[in-house]
Amino acid sequence: MPELPEVETTCRGLAARLEGRRLDAVDARVPALRFPLPDGFARRLTGRRVIHLGRRAKYLLVHLDDGQVLIGHLGMSGRMRVFAANGAVPPLARHDHVVFRTDDGAEIRFNDVRRFGFFDLTTEDALAQHPMLEPLGPEPLGNAFDAETLAAALAGKKTPIKAALLDQRVVAGLGNIYVCEALYWADISPRRSASSVPGKRAERLVPAIRRVLSEAIAAGGSSLRDFAHTDGGLGYFQASFAVYGREGEACPRCAEARHPCRVRRIVQSGRSTFLLCSAPTIG
Numbered sequence: 001m002p003e004l005p006e007v008e009t010t011c012r013g014l015a016a017r018l019e020g021r022r023l024d025a026v027d028a029r030v031p032a033l034r035f036p037l038p039d040g041f042a043r044r045l046t047g048r049r050v051i052h053l054g055r056r057a058k059y060l061l062v063h064l065d066d067g068q069v070l071i072g073h074l075g076m077s078g079r080m081r082v083f084a085a086n087g088a089v090p091p092l093a094r095h096d097h098v099v100f101r102t103d104d105g106a107e108i109r110f111n112d113v114r115r116f117g118f119f120d121l122t123t124e125d126a127l128a129q130h131p132m133l134e135p136l137g138p139e140p141l142g143n144a145f146d147a148e149t150l151a152a153a154l155a156g157k158k159t160p161i162k163a164a165l166l167d168q169r170v171v172a173g174l175g176n177i178y179v180c181e182a183l184y185w186a187d188i189s190p191r192r193s194a195s196s197v198p199g200k201r202a203e204r205l206v207p208a209i210r211r212v213l214s215e216a217i218a219a220g221g222s223s224l225r226d227f228a229h230t231d232g233g234l235g236y237f238q239a240s241f242a243v244y245g246r247e248g249e250a251c252p253r254c255a256e257a258r259h260p261c262r263v264r265r266i267v268q269s270g271r272s273t274f275l276l277c278s279a280p281t282i283g
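Just so you know, we're using the numbering used here here: the sequence shown kicks off at 1 and counts up by one.
Worth flagging that the hints you see were computed from the coordinates, not collected in a lab. None of these values were measured; they are calculated from a predicted model. Beta carbons: idealized from backbone N, C-alpha and C, even for Gly. Keep in mind that the hints are not guaranteed to be accurate.
As the list claims (entries may be wrong) - Simulated restraints on C-beta separations: (1) His63 - Asp27: 17 to 25 Å; (2) Ile266 - Glu134: 28 to 36 Å; (3) Asp27 - Gly270: 31 to 39 Å; (4) Ala250 - Gly142: 29 to 37 Å; (5) Ile266 - Glu215: 19 to 27 Å; (6) Arg115 - Asp66: 26 to 34 Å; (7) Arg115 - Ala218: 26 to 34 Å; (8) Ala93 - Arg43: 20 to 28 Å; (9) Gly47 - Glu124: 13 to 21 Å; (10) Asp27 - Ile266: 41 to 49 Å; (11) Ile51 - Cys254: 49 to 57 Å; (12) Arg262 - Ser193: 19 to 27 Å; (13) Ala250 - Ser214: 19 to 27 Å; (14) Gly270 - Asn86: 45 to 53 Å.
With these hints in hand, go ahead and build the complete structure from the sequences.
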């Protein structure tokens, strides 16, 4: 599933093409994705001008000139592709489920093979209370996220720290890949109890999360299976992974040592976790 850096990359690509443009036509080619499309979906969007593109956690937010906000989620395999009016526009593909056409002739297609993505419509006034957004914790790259805030969210939690960081109520937008990477750089075992992280460990973890996310965004996200930029290009942060997907490889911090630590894979709550062979069980 695309995580925060991939959604942020998509958001920036769409903003460059959509902000200030009018939606001249909207073609909903299916009645439902993960959920049914809102009643009158195409009609309510057609003719509206895009004021601003934003992101909250893993959600795209398209703010319109009439006070509506289009909420989009890429799901497991969703992609937003932009085709300029003066470029080659291929025929619609089987899984191009929603098509937006702008007043400058551009075409934006939402393609989703697994149909786990979704769109919803709300208003500016009701946005913060939307059921998908209201429970979310702070943005990890925002000013509201610091060691003290993280410590408060982890207090009393007996789950492993990795599971706690995947809880969107603790911090918004993190997924399996970037949690593994951040815990490695913070020198925290993914199996450590979340309640034991507040203090010096939280002070290491917050900047590690910020660093990993910022570097991933700069690299255009990670393309492992389905993710691609709005222009079809691929992110390349996967080339910089320290531990994720690198089972059996040497730790990048001691790769030149005579006996370097090796990355190993364990399973937590049904998901792969990557850590060093020398990492303590609860350290």
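Checked hints:
Between His63 and Asp27 the beta carbons are some 21 Å apart, a value that agrees with the proposed interval 17 to 25 Å. Between Ile266 and Glu134 the beta carbon distance is about 33 Å. The supplied range of 28 to 36 Å therefore holds. Separated by about 37 Å at the C-beta atoms, Asp27 and Gly270 satisfy the suggested range of 31 to 39 Å. The beta-carbon spacing between Ala250 and Gly142, approximately 35 Å, falls within the hinted interval of 29 to 37 Å.
Remark: the range hint 19 to 27 Å for Ile266 to Glu215 is upheld by a beta-carbon distance near 25 Å. Under the hint 26 to 34 Å, the C-beta atoms of Arg115 and Asp66, about 28 Å apart, fit the expected range. Take Arg115 and Ala218: their Cβ atoms lie about 31 Å apart, and the range 26 to 34 Å holds. Range check, Ala93 to Arg43: Cβ separation about 24 Å, and the 20 to 28 Å hint holds.
The supplied range of 13 to 21 Å is met by Gly47 and Glu124, whose beta-carbon atoms lie about 18 Å from each other. Remark: the range hint 41 to 49 Å for Asp27 to Ile266 is upheld by a beta-carbon distance near 46 Å. Between Ile51 and Cys254 the CB atoms are about 50 Å apart, so this pair conforms to the stated range of 49 to 57 Å. Taking the beta carbon of each, Arg262 and Ser193 are about 25 Å apart, inside 19 to 27 Å as hinted.
The supplied range of 19 to 27 Å is met by Ala250 and Ser214, whose beta-carbon atoms lie about 25 Å from each other. Checked against the given bound of 45 to 53 Å, the beta carbons of Gly270 and Asn86, roughly 47 Å apart, stay inside it.
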